[in-house]
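For chain A, the structure is supplied; the task is to place chain B on it using the hints.
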Amino acid sequence: MDQLPDTRHSLLLQLAEPANQSAWKDFVRLYEPVILRMAMKKGLQLSDAQDLCQEVLTRVARTAETWSPDRDRGTFRGWLSQVVRNLAIDHFRRTSRRPIMPGDSFVRDNADATNGSTEEQLFDHEERKQIFFRAAEVARDSFTDKTWLAFWQTCVEHQSPQFAAQQIGISIGAVYIARSRVIKKIRTIVEQLDSETGIWRTGHAN
Amino acid sequence: MQTKHCLNRKQIDDLLHSEAAELALEMEQHLEACSSCRQALEQVAAGKNWWTEVGNQLSTVDELDRDLLSQPVPKTNSRLALQMLDAPTHPEMLGRVGRFDVERVVGQGGFGVVFKGYDSELNRAIAIKVLSPHLASSGVARRRFEREAQAAAAVNHPNVVPIHAVDASAEFPYLVMSFVPGHSLQTVVNKSGPLDAKSIVRIAKQIAAGLSAAHRQGLVHRDIKPANILLENDLNRAMITDFGLARAADDAAMTQTGWLAGTPHYMSPEQSRGEDIDARSDLFSLGSVMYFMATGREPFRGETPLAILRRIGESKPLSAHLINSDIPRGLSAVIDRCLEKKPRDRFDSANDVEQWLEQYLAHLQKPQSHKSPKIGMSRSMRQRVSRWSISTALAVGSISLGSWWASQFAAPSPYPTGGVAESNLTLPVWIESMKAEQAFERDMSQLEADVRALESQPFELPPINVPNSNTFQSNVSGLELQIRELERILSDTQ
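The listed protein sequences derive, respectively, from chains A and B.
The working numbering puts the last residue of the first sequence at 281; the count rises by one with no breaks.
The working numbering puts the last residue of the second sequence at 547; the count rises by one with no breaks.
Hints listed in this document are in silico derivations from the structure and should not be mistaken for laboratory results.
Glycine included, each C-beta is placed from N, C-alpha and C at the ideal position.
Heads up, a few of these hints could be off.
[To be verified] Under the rule of at most 25 Å between Cα atoms (straight-line distance), these lysine-lysine pairs were calculated in the DSS-like manner:
(1) A:K204 to B:K369
(2) A:K259 to A:K221
(3) B:K424 to B:K395
(4) B:K63 to B:K101
(5) B:K419 to B:K369
(6) A:K259 to A:K204
(7) B:K395 to B:K419
(8) B:K169 to B:K244
(9) B:K427 to A:K204
(10) B:K244 to A:K221
(11) A:K116 to B:K244
(12) B:K101 to A:K204
(13) B:K101 to A:K221
(14) A:K204 to A:K116
(15) B:K369 to B:K394
(16) A:K204 to A:K117
(17) B:K394 to B:K427
(18) B:K369 to A:K259
(19) B:K101 to A:K259
[What the hints assert, rightly or not] On the chain B side, residues computed to face chain A include the following (Cβ under 10 Å):
(20) M80
(21) A99
(22) V107
(23) V114
(24) Q124
(25) P234
[To be verified] The following residues of chain A were derived to be distant from chain B, with all beta-carbon distances above 12 Å:
(26) Q157
(27) I164
(28) A214
(29) K259
So here's chain A without its partners, still in its complex pose (with noise of 0.2 Å):
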């Protein structure tokens, strides 16, 4: 805690360009319960996926300070996608082969052995998760009230769109054309998304 004020300070140099500032913000709103969420799925505490997570992203923000546009191709939110993404995998690889202690959950290690995830599958399926989640909750800031619950209630839900119709008080048509709008809303948005950290993925062998 004592490293953060210096920590913040350079970040805060790091980050005076508006365009970084805003791309810090939103990475952290998107990486955050990523990480939250790989270590709770790793076993740990609420409590101490906080502080893991607090960790990854104080280290992630120490080495935002070696960025640079001219060296580095690319968007400063995709370089720190693949950045955080290399510390938290390299996080768990390290927690992961500590022996194991008498209370550890066998169940919890069969689970992770069935699902075949490793830290990078894990990763990305959570990254992949916060993606949509984060454009969903964009795209919803577009569209009224019923166009969001006939989508939300048909492709979400699988609801049927008579169902639906009758349920939000719209013309089954209309349900059809709600829908659209807002799964195509949310592709953009994931598009966008993946195009801004998809850059520093491929050609990264890991």
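Just chain B, lined up with the frame of chain A:
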């Protein structure tokens, strides 16, 4: 007819972009009938994989998040909200309030709109509450907003969401507070049902602690309800928000509509009658919140706000442990105590509630080493008991006087003489004393009934049939001793 024709690509593109609903009406009808046009529309919107993945991803996000996301953002507020903001400096932002960037609308209360924002100077997430236009135009509400917000800003306690800044002179007055990640108690209980006893006590204790700090500053919350309790990271820390804002909102709502805004479920009886309230009103609301945590429902429910208010004033809810058998009686009793109709019958202060809950939490965690703290009688109950004992004493006093007087002149006692030494206790004597005791009990219950009848008018004694015997008299003096003892205990506890 246009509706018979299938849609061309341009029409589909327009449908996906345009917000003009009336143009779409004919196409809606067509789409309902024509499956190939539906397929075309959905294909243009996004490929099949997208439809599947969006559904899969969103239906598997955490339950609480999913629940929040399933609800549309209230649009009237969003439009209202945009009115309140200055133009954004970044395209990704919604707008600005003062020097703060606003990212999005996170909620809406009786007083205005809540935004999530970012303080770029201090590099932290914030929540900005902006007073709604209808309140901002009311001078009274504005002044009160300022006064209360400043008072609230002076409360510095881990269980009260800190207020960083207040600007009451802006076109739409606002206050800036910490952004608490997590959900409100309302959301958590709605989603996961009643909480377990330990969680209830832990959360309630923190609310009481926060209230206590505010009450010490002379600040009454007035709107304690589950939606105003934020659970940081869901269960770790409870924080009270919206101190004092209820009053500013009430003022304007009252003057505009003559009626109160918002849900009245958690109001205190005195509040529901529009009377002056003090800190103990918050204790009632805290009791309602505890009841909600314990049972998953509000203690006072009704079809209309008026019906709810009437129940708050008149009816007593079923104790929490009778609804949820997992709730221990001690906890249930404390909830009942907070829900007493008269403020003086509740706890005296939030601090008292906190202390009690703290001891109770220790008891729940280690029942072997920590006793459950006692919950005494309410003040009214104590008074009823002591009034009863005084009138009993009065009655008994006059009875003993009368019986003494009677014993000087009257016929022999209907009971055998008391005070038989144990060594002399022969069978006939014992039978006699048994009979005497039965007779005494009969007389006593009659007396008790008479005294009860007296309770309302303690100074007008109706004629009492005074039993006349030594046994009676010696028992009466025993009773008098007990009454004095009881009074002593009562005065100790008061």
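Each hint tested on the structure:
no.	hint	result
1	A:K204 to B:K369	violated, 47 Å
2	A:K259 to A:K221	holds, 16 Å
3	B:K424 to B:K395	violated, 29 Å
4	B:K63 to B:K101	holds, 21 Å
5	B:K419 to B:K369	violated, 32 Å
6	A:K259 to A:K204	holds, 17 Å
7	B:K395 to B:K419	violated, 34 Å
8	B:K169 to B:K244	holds, 23 Å
9	B:K427 to A:K204	violated, 50 Å
10	B:K244 to A:K221	holds, 23 Å
11	A:K116 to B:K244	holds, 21 Å
12	B:K101 to A:K204	holds, 18 Å
13	B:K101 to A:K221	holds, 23 Å
14	A:K204 to A:K116	holds, 14 Å
15	B:K369 to B:K394	holds, 9 Å
16	A:K204 to A:K117	holds, 17 Å
17	B:K394 to B:K427	holds, 21 Å
18	B:K369 to A:K259	violated, 53 Å
19	B:K101 to A:K259	holds, 12 Å
20	M80	holds, 7 Å
21	A99	holds, 4 Å
22	V107	holds, 6 Å
23	V114	holds, 5 Å
24	Q124	holds, 8 Å
25	P234	holds, 8 Å
26	Q157	holds, 21 Å
27	I164	holds, 21 Å
28	A214	violated, 10 Å
29	K259	violated, 4 Å
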